[in-house]
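Asker: Using the hints, position chain B against chain A.
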Amino acid sequence: MFPGLGGAADSLMARRPDGLIHGLDDKPQALTLAALGLQHFMVAAPNLAIVVMICRAAGVDAATAEGVLSFSLIVLAIATLVQCSRRLGSGYFIVACNSGIYLSASLAAAAGGLPVVCGMTLVAGIFQAFFASLLVRARRFFPNEIVALSIIIVGIEIGVIGLTRLSGAGVPGLVVGGATFFVSVVFGVFGRGSWRLYCSLLGMSCGYLMHLASGIPGPGSAGDAFSSALFGLPSFAHLKLEFDLGYLLPFLFAAVAASLKTMGAVDICARINDAAWVRPEIRAIRRGVLADGLSTALSGMFGSTGTNSSTSSVGVSHASGATSRVIGIAVAAWMLAFALSPAFTHLVVNLPDPVVGGTLVFTGCLVIANGFQILGTVPMDMRRAGVVAFPLLVAIARVANAPLFAQLPDSVKPLMSSALAIGVFTALLVNAFLSWGNARRATIALDPAHPVGEQLRRVERILREWNVAHNVKVRVMLTLRELLDEHASSLKLEFNGCTLHVNLTRTGSSQDAQTTPHGRFFSDRVSDAMARRKRADGSSVISLCFEQ
Amino acid sequence: MPIAMWTPELSLGVESLDADHRQLIDTLNQVFDALLFDRSSSALHGALATLNDYVTGHFAREEAWMQARNHPDLVRHRQEHEALRDQLALLCAMRELSDQERSVELLMVLRDWLLGHIAHSDRDASAA
Chain A
1 MFPGLGGAAD SLMARRPDGL IHGLDDKPQA LTLAALGLQH FMVAAPNLAI VVMICRAAGV
61 DAATAEGVLS FSLIVLAIAT LVQCSRRLGS GYFIVACNSG IYLSASLAAA AGGLPVVCGM
121 TLVAGIFQAF FASLLVRARR FFPNEIVALS IIIVGIEIGV IGLTRLSGAG VPGLVVGGAT
181 FFVSVVFGVF GRGSWRLYCS LLGMSCGYLM HLASGIPGPG SAGDAFSSAL FGLPSFAHLK
241 LEFDLGYLLP FLFAAVAASL KTMGAVDICA RINDAAWVRP EIRAIRRGVL ADGLSTALSG
301 MFGSTGTNSS TSSVGVSHAS GATSRVIGIA VAAWMLAFAL SPAFTHLVVN LPDPVVGGTL
361 VFTGCLVIAN GFQILGTVPM DMRRAGVVAF PLLVAIARVA NAPLFAQLPD SVKPLMSSAL
421 AIGVFTALLV NAFLSWGNAR RATIALDPAH PVGEQLRRVE RILREWNVAH NVKVRVMLTL
481 RELLDEHASS LKLEFNGCTL HVNLTRTGSS QDAQTTPHGR FFSDRVSDAM ARRKRADGSS
541 VISLCFEQ
Chain B
1001 MPIAMWTPEL SLGVESLDAD HRQLIDTLNQ VFDALLFDRS SSALHGALAT LNDYVTGHFA
1061 REEAWMQARN HPDLVRHRQE HEALRDQLAL LCAMRELSDQ ERSVELLMVL RDWLLGHIAH
1121 SDRDASAA
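Just so you know, the protein sequences line up as chains A and B, in that order.
Following the numbering used here, the numbering of the first sequence begins with 1 at its first residue and continues without gaps.
Following the numbering used here, the numbering of the second sequence begins with 1001 at its first residue and continues without gaps.
This is chain A alone, in the form it adopts within the complex (with noise of 0.2 angstroms):
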């Protein structure tokens, strides 16, 4: 990831951490590995629910939505090797799940049946594979205020839809609904070890069986499942493509969240692999983003819906300090072997509306502490607030069908009915606009008379008055006192909000302290990117970029 340092300094940069068990390239014994896989499937289990309740609102009858749920499996399998693979995907342990991101729009294309959820899918996730690579030049248009944004926006949606869905039985299913939320809540933040890790699985648990026990009309009759073969091949019959470019909007910024939150399950995985991490892994994030896609559109393909990173599964990994991605193998091992049971596809296809919302409530709880958590290590200024607090506003305003949207122009409605889609487009907008013209450069002529220290000084005051977040401040200041000395001639800072570029030109002598791993140390670690560049009169340039 950044230059050796020879010798013995090499070794300061062991990358594996302490805590880790089964490392990234370790191989864990067939059990561990058995119970590992097992364990980070039942993770992923919950949101099948998204597949269920996609399927309802297509109006498909309960054995094609069998159908549908094995597929969904299988793509999950392939899509969850694809990522831990090193040539294809990220090559980090990520496991596939069905994601929350693509409800909203998935819904809205149901209207016009499973066929159009399907292609609609297929369309998105070609998208994301050709926006892998414009994701990672385009960076700076998509500042982690707006991811947290995105993230916060799909929880608001998922558990929108949530509540509206456990209070479609009457009481009774609102009491098991929110008996779901409640256990999944208490096992969530009071629970131990294994408790703690399942609460979503067993809030639905118990939610099923206060079901069973309450009489309650369901969709079908979970005791079939028992009666069913515990192995079976899939129905084809479902599998069948329509497009309807009036959802086009909607998916594709569907699309964009899914990118963002993938490259952000990429990072942290990177982080929590090598101790001595500095800098995002750009060529890891990108295969990531273009696994994702391409999993999606195979999702579609086999008529399922769209597909993401779990992110709870990473969580998972790092607690358990298991992060081989041999682990991958075993999770798509256990998600071949669920689809092919058919006991199993019936037990989920048959989940009560009211489970399926109160674990809808549950996991939109998570979605937005989780993108709250992504804003926290955003400063906050008028700028960044403007671009997360009105486009939230507007979203808001979309999930509660506010009569704003119905006086808009036919032409606009598409973009209007996703809030996630409304809401990641107004904040791409007000970012653009409440950037355009706010680059801010300095220039500085360094006087070798000076002392480092007064240069220092003085770079402070400009980064200071610019609004730069302090870990990039500091970071400038070590980087700067170990490559400023009396060869350094000029230095030329610009800030655009998001990024800070420095450029300091040096004079003369072609071996110098800068050149030296030694001389270095720092200004490898703490910077995003550094190269340097010999001009014609033989001075030379570093550059250096410091992401905020």
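Worth flagging that the hints you see were computed from the coordinates, not collected in a lab.
It cannot be assumed that every hint is accurate.
Reference excerpt, derived from the structure (chain A facing chain B, CB under 10 angstroms, subset only) [as the list claims (entries may be wrong)]:
hint	residue
1	S205
2	V474
3	R475
4	M477
5	L478
6	R481
7	E482
8	F521
9	V526
Residues of chain A clear of chain B, computed beta-carbon distances all greater than 12 angstroms [as the list claims (entries may be wrong)]:
hint	residue
10	F142
11	E242
12	N471
13	H487
Where a beta carbon is used, it is the ideal one built from N, C-alpha and C, also for glycine.
Answerer: Leaving out everything else, chain B in the frame of chain A:
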């Protein structure tokens, strides 16, 4: 975020001296973390106190170990220790600087200590 890590390649094969070196790397990581998260004031004073103890205890142990082995580089090694002691004393005396500036200076001293002294001089001494 640890910026430097201890690995067995840095080991001199003497447990007490290795433990001292590990402590130095821990101190570097603590000062860096504190700088990054705007907690320089408390961390800096703790780190300077630790290092003041370090230059008396650790240097004496290292020199005694070299003396016991009649090491030919003992004199040069003592000079390096003396220079590091002076750097630390200078840093403690720089009261006109802010804690953040002093933390940056301390990190530069620790970098040189780690990459120049421990990764080279000490390892050469253990290999001889």
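Asker: Give a verdict on every hint.
Answerer: To see whether the hints hold, each was checked on the structure:
no. : hint : result
1   : S205 : 39 angstroms, violated
2   : V474 : 5 angstroms, holds
3   : R475 : 8 angstroms, holds
4   : M477 : 6 angstroms, holds
5   : L478 : 6 angstroms, holds
6   : R481 : 5 angstroms, holds
7   : E482 : 7 angstroms, holds
8   : F521 : 5 angstroms, holds
9   : V526 : 8 angstroms, holds
10  : F142 : 23 angstroms, holds
11  : E242 : 49 angstroms, holds
12  : N471 : 5 angstroms, violated
13  : H487 : 18 angstroms, holds
Going through the hint list in order, the structure does not satisfy hints 1, 12.
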